[in-house]
Every structure is written in C-alpha cells, then in structure tokens.
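A.B. asks: Chain by chain, the residues:
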Amino acid sequence: MTEGTTYDAIVIGSGMTGGWAAKELTEKGLRTLVLEAGRPIVPEEDYVEHVPAWEVRFRGMGDRRRLREDQPIQSTCYACDEWSSKFFVSDKEHPYTTETGKPFRWIRGRQVGGRSIMWGRQSYRWSDLDFEANLRDGIAIDWPIRYADIAPWYDYVEEFVGISGEALGLPQLPDSRFLPPMELNCAEQHVRSAIAKHFAGERVMTIGRCAILTKDHNGRAACHYCGPCERGCITRSYFSAVNATLPAAQKTGRMTLRPYSVVHSLSFDAKTRKATGVRVIDAKTRAALEFHGKVIFLCASALESVRILFNSATPEFSSGLANSSGELGHNLMDHVKSGGASATIPGMEDRVALGRRPNGIYVPRFRNVKSKQSEFLRGYGFQGEGSRDGWERGISETGFGPDFKRAMSRPGPWRFQFWGYGECLPNHANFVELDPQKVDAWGIPVLKIHCAWSENELALRKDMAIAAAEMLAAAGARDIQPYANEEPPGFAIHEMGTARMGKDAKTSVLNSYNQAHDVKNLFITDGGAMASSSCVNPSLTYMALTARACDYAVGQMKKGEI
Amino acid sequence: MMNRREALQLLATAAALQLAPRKMLAAVREARAVLGDSPALRTLNAHQYATVKEMAEMILPRTETPGAADVGASEFIDLILTEWSDEPERTRFMGGLNEVDGRTRAMCGKDFIECSAEQRAELMRDLGLKMVEETDPAQDWQEADSQSGTENHETFYPMLRRLTLTAYYTSEAGATQALHYEIIPERHDPCVQIQGAKVERQ
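So the sequences go chain by chain: A and B.
If you count the first sequence from 1, position 61 lands on 61 in this note's numbering, and the numbers rise without skipping.
Plus 1000 on top of the position in the second sequence (first one is 1) and you've got this note's numbering.
Chain A extracted, bound-state conformation (with noise of 0.2 Å):
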C-alpha cells in the first residue's frame, strides 16, 4: 500500500456498512482501500464470549474507575462491560460537545468492524408505510425512492446475512428472506396468546428478526445459544464486519484494509468537479497521509462522515463539502425509546428455559397503521423479553441460611418487560457542527451536537407505557410497571439523517442512490443518507441501501460517468 497508488474505489470506515462497499466493490472487480480508524480485531483473541465472569477481575461489575475516567458516556451502554469496553472508544481521545440543557449520547465504536462487532442484530425491513411517511404528512422531504426499489436489495443482503425471524405478512413491517425463528418461551407464549385474543387485527407478537444464525450458513455456523453476543462470535453464528463481509472482500485479493487510518478529510478538484483524495492522520505514528481513489464510499456513521466533510471545506463549499444544500449535518434522528412496562407473569414456575437466546420478542407497529391517531405521527414498535428472575432478587431481601440459598439457586418468577422504540420526525433544528474550540486526540475538529426530542416524540414515549401495561394487563400479569423514563436522543444508537437523500438537489444531500448531489464520484451509505427514520431497526436498510449504491456506483464508472 503506498500513497502513490490511485485505488478504484476508497471505503471509509470498516463497519455495518463499510464492509458491505468493501465486498460490494471488490467483488465487482475494484481495487480497494478500506480506512478504519481503529485498530485490527483478531477473532481468535478479541473475542471473549466464553470468558465466564468468574475469569473477569470484577465479576462483570465493571472496572468502575477505569470507565468513570475513560468512559463515561460509552460505559452507559449495557454492551460496554467488563469485556466488551475495549469495542468502545475513549471519550477523553474522542470528545464532542453539546449545546447545554441539550444532552445526546453518542455511542461509537472504532476497530475493524466498528460497531457491528456489538450491536443489537434486531433486522427489519422497512416498508411504504415509511417511504411515504415525508409526503403524507408534509414534513421535512420526500424520500426518492419507495419499497419497490430497496426490496431487491433487501432479498439480496438477507441472502449473505441469514436473518432468522417468522413471516407475519404485514405490510407495514415485510417479511424478509428468513432462516427459521427462534422460539418464545413460556411467558412469550402466554403473552403472545393474550395479544392475539385481545387486540386481534391490532397487534401481533413475534420472535424477532435478527441476524443470528439458526442453522449453518454460508460457512458460518448456527447460534450455539452461549448469550453475550457483543462480546464476538468465535463461530461467526451472528452477522457482523469481521464475521462476514470483511473476509468476502478479503477473499477478492482487491481489498486492501488499512487498519489505524483516522480521516482527517477529503481533498476535492474543483475543476473535475470529483473528490481526489483521502487525508489520514495514522493513529500511531502521526504522520499525514494522503490516499487517492476514482470513488469515495464514506460509511464512518452519520455524525463522523458529516464530521469529515464539515473538515474537507473548500472555498466553493465553505460550510463543508457537498453542503450546497446547506442540509450536510442538519436533520439528526434517533429512535426515542425508554418507554415501556415490565410486570411479573404469575404460574409456570416449574418451566424454564434453558441456553441463552441472545434475541427477543417483537411487537410490529399498530399506531397510525390502519386507525389514524390524533395524538402523534407515526408509531413505535416493542422489543421485549420473557424471562425468570436470577439471583439478584435476593439482594434485597431479607432471609439468608440454607432455605435462601436454595430459593436463590432457584429460579424466580416469570417476568415480562416491553421496551418500544419510537419514530423520530426529521426536523431542521436538529443539527451537528465543528466545534471550533476542541480537537479530538489526533487535532482533528470535533462535533457541536444540537439535538432534543420534539413534543411528537414524547408523546410517543407516554404512548408506549400505555400501550405495553395495556398488554401485560390483558396477559393477567401482575405488578405492572408502566414506565416513560426521560432518556437524551442518541442512546438508541440509531443516529441518522444527516446527509439525507431526496429529489432536489436544493434540499438534500445525496440522490436515490446515496450518491452526492455535488460531488458525483462521493457516496455516501451509512445512516446518513436517510430521510426519515421508520420505528424499526435500521441497520438492515443500510445494508440495502449500501449494497444498491455499490452496483450504481460500478455501473456509473463503467459508462465513464463517473
């Protein structure tokens, strides 16, 4: 790898949808460069899902001064634990700023892989429901492109992934291409039959659609049911980077992946009109470097891509490149959740279930579905989880000898918990911007974010703790929490929106094929590029969009388009 090179194409960022452009690309014939930030991950070493707690110093409680002097913001992510705070970054090496009374809570991960070595797996299609949500309701823009064109895509990159779930046949929420879903278990089931009896035609439970693993496929092999999933996968069982697209691209012999790479910013022609280079800051050894490449793929997430543009301005594109909609950076979504209810399920105590299923239940959108609300846009889907109380219920009481010792051995009664994530309205005010007053570790600019809930949002998150006890009640549960937690955007860890798609070069960033408006040879196909943000999970669609902007992207540089 040298910098004189001139590479077909450069990926930025390693991660759900870096890998993706990685695989994509070569496999159509492109010499790549990948740049990731962070540093290398071997599976063999990295990956500590077996490690029991009893190998870990504190038992899984954390090294508590470590992360409240290092990680303060990432060690409020569940997944940032005992074993897997190494798959977040430092936030003193990597701080941001926000606007005061303005909390967001930024959660990145930066290696090989980046946050698809711990994310959440849950996939779901979207559908015209959210395609069309922009235009029914007037806001902000319409999306360029509906369902019909993502589907293809979407069968495409369920093919590769393997997502197991059950197919509902709702149109709000398609079903994919699916490996056999996991099961519910008892409380599940029980819930499930309750829905199903009393709110028939309105809402429905399922398994959830996730990017596990049910059986072996494309030489990885089913979930093995070990449980910590965003501690790694020595069996590749669920779908990430480094489990899957990365060695797809590798096996091309065209990958070139280029590990300790921070992108300063882009280096543009204003003549050719094309973005030329790359400029990287190498993590270890500080020196400047510049890589070139035909075609720029920036997938480093939402808030960093926007981060290296706001970097790369150039007298024309003053208030960063690809900004002559002055859209780049506004717009930032999250799902809001922290609403929910969770409730004890009485009987069954002499049924359990036994491995670790690292998934749960869900529960499709039914507001603004079929019956309009008048109280809020959109809706919200539940994610949830039967489960028994473990031992921890013990703390808190009182009793101790032999008789709490086998109680506590013993499993506790069956609890159920709904959590919903809610749409986001994409909103002007919502922005991010350099800050002129703070660089991270390597001198780069960091981000300014500006971003709080609107009164939809919160409206929603009342709704779910309504609507999740209304269920749990119908089930006979018992103790029905209902809960509406205030909770800052970001913590969803679903940024999005801030490089958004549309017709209009006026309004928006990217066409309807994720590529720059401005800059023809710049795509860009992480969260950014979305226009609105659906209820449900969104990696998958990045995926689609990725994979479909990858074959535009071939097909444009082979006309000479490009």
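Incorrect hints may have been included.
Unchecked claim - From the structure, some residues in chain B lie toward chain A, with a derived Cβ separation under 8 Å:
{"hint": "1", "residue": "Ile1059"}
{"hint": "2", "residue": "Thr1063"}
{"hint": "3", "residue": "Cys1115"}
{"hint": "4", "residue": "Met1124"}
{"hint": "5", "residue": "Val1132"}
{"hint": "6", "residue": "Pro1158"}
{"hint": "7", "residue": "Leu1165"}
{"hint": "8", "residue": "Thr1166"}
{"hint": "9", "residue": "Tyr1169"}
{"hint": "10", "residue": "Thr1170"}
{"hint": "11", "residue": "Leu1179"}
{"hint": "12", "residue": "Ile1184"}
{"hint": "13", "residue": "Glu1186"}
{"hint": "14", "residue": "His1188"}
{"hint": "15", "residue": "Pro1190"}
{"hint": "16", "residue": "Gln1193"}
These are computed hints drawn from the structure, not numbers from a lab.
Keep in mind it's a predicted model, so treat the numbers as computed, not measured.
Every residue gets a Cβ at the ideal spot worked out from N, C-alpha and C, and that includes glycine.
Fit chain B to the known structure of chain A by using the hints.
C.D. replies: For chain B alone, kept in the frame of chain A given last:
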C-alpha cells in the same frame, strides 16, 4: 507443585503474564492455594475480614453445594472496597461494619464473631429489618448501579448482600454447581419442565 516462596514470587511479579491465559489462571490458582487461607487484605483488617466472612457464610452457607467462604466472597469484598468502590461507598460500608460489634456488645456483651449462632442470626434479622425500612420503594434491584451509572446510596447491609451474592453466583462453583450454568448450552429449549432439584433437558 510450587513452594510458598515461588508462589509469592509468581503473584508479585509479571511472570504470570507471559503464560497463556489458561495456564496463567491455573498457575495463579495454584499459587493462591499454596498460600492458603491468609489473603493479602488491603482494606479490611483481620477482625473486619473475619466478621465479613462470617456474615457472608451465614447468608450463603455451605450446604450440598459450596458456600460463600468456599468461593472467597470476603476476599472479593476486600477487592471491591479497595479497587472499585468510591470513597462515600467505602465509608458507608466500613461505618456499618464497625457498628456491628457495637450492636452485638449491647445485645450480648461480645463481638459479632464471638456471639452464639442464635445471637448472630438475631443481629442479621435486625439488619434485614433496618434495610427494608431504609429501602426506597422506587428503586428496585434492577435499577441499582452495577457499572458507572447513577449514584448509589446503599448502606452496609444491602452492600454486603449484593457483594456476597455476586461473589457466590459468579464464582465457578456457585455458577456451575448451584445454578447449573453452562458456558456453551448449544441449544435453546424455550419451555422445559423442571424435574426434582435439578433442571433437566428433555
């Protein structure tokens, strides 16, 4: 088998780090076994350690499965107090622990560890009642701080219980013998009948 001097050397130096993780673990375990029942305490003194050890064993005694003392619960508590707790937590814990002897002396004229089993049990019941009175009903165990999250105002006895149960059920003996935990279950059986004392696969 290593001798005591070799064991101390192994634990004190970085020699263990050069071994592969599995071998290192085995070597460190062997070193600890050689050194026997004299842990290098860093926060608790010998008397405090004996009190904590006795209370932890009363909560989770040795039965048909190992107990809290067998898995080193009080050593874990010393580690947490030394390397994990913040100053206010440690102060609350040590303060509450030091009150224990005051209470038993008022009750039976002796330190906790010298009291009869029935007197010790009475003290434990008192501490339990006090814990319930102090409990904020809005904050159940699920919300309690385990990593770096919200401020934790637990007093001595609930802290002791949390750390004892954690030490026991996350130990190899507690996890595998009391909970029948398997690292690799291989399958998911969603709704299985429990048979007798043990959970059996169908």
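A.B. asks: None of the hints should be skipped; say for each whether it holds.
C.D. replies: Against the structure, the hints:
1. A distance limit of 8 Å between C-beta atoms decides the matter here; for Ile1059/B the minimum to chain A is near 4 Å, and the interface restraint holds.
2. Interface restraint check for Thr1063/B: the shortest CB-CB distance to chain A comes to about 5 Å, inside 8 Å, so the restraint holds.
3. At a threshold of 8 Å, the smallest CB-CB gap from Cys1115/B to chain A is about 15 Å, leaving the interface hint violated.
4. Annotation: Met1124/B was flagged as interfacial toward chain A, and the flag holds, the nearest CB pair being 6 Å apart, inside 8 Å.
5. Hint status for Val1132/B: holds, given a least beta-carbon distance of 6 Å to chain A, under 8 Å.
6. The interface hint given for Pro1158/B holds, since its Cβ lies 6 Å from the closest Cβ of chain A, which is under the 8 Å cut-off.
7. Among the interface hints, the one on Leu1165/B holds; its C-beta lies about 5 Å from the nearest C-beta in chain A, closer than the 8 Å criterion.
8. Interface hint status for Thr1166/B: upheld, as the beta-carbon distance to the closest one in chain A is roughly 6 Å, under 8 Å.
9. Look at Tyr1169/B: its Cβ gets to within about 5 Å of chain A, closer than 8 Å, so that hint holds up.
10. Hint status for Thr1170/B: holds, given a least beta-carbon distance of 4 Å to chain A, under 8 Å.
11. Nearest Cβ of chain A to the Cβ of Leu1179/B: about 6 Å, under the 8 Å cut. The hint holds.
12. Because the closest C-beta pair between Ile1184/B and chain A is about 5 Å apart, less than 8 Å, the hint holds.
13. For Glu1186/B, the shortest C-beta to C-beta distance to chain A is roughly 5 Å, which falls under 8 Å, so the interface hint holds.
14. Taking 8 Å as the C-beta cut-off, the interface hint given for His1188/B holds, the closest approach to chain A being about 4 Å.
15. Proximity of Pro1190/B to chain A holds as hinted, the smallest CB-CB distance being about 4 Å (cut-off 8 Å).
16. Restraint check, Gln1193/B versus chain A: the minimum CB separation of about 6 Å is within 8 Å; hint holds.
In summary, the structure is inconsistent with hint 3 from the numbered list given earlier, while agreeing with all the others.
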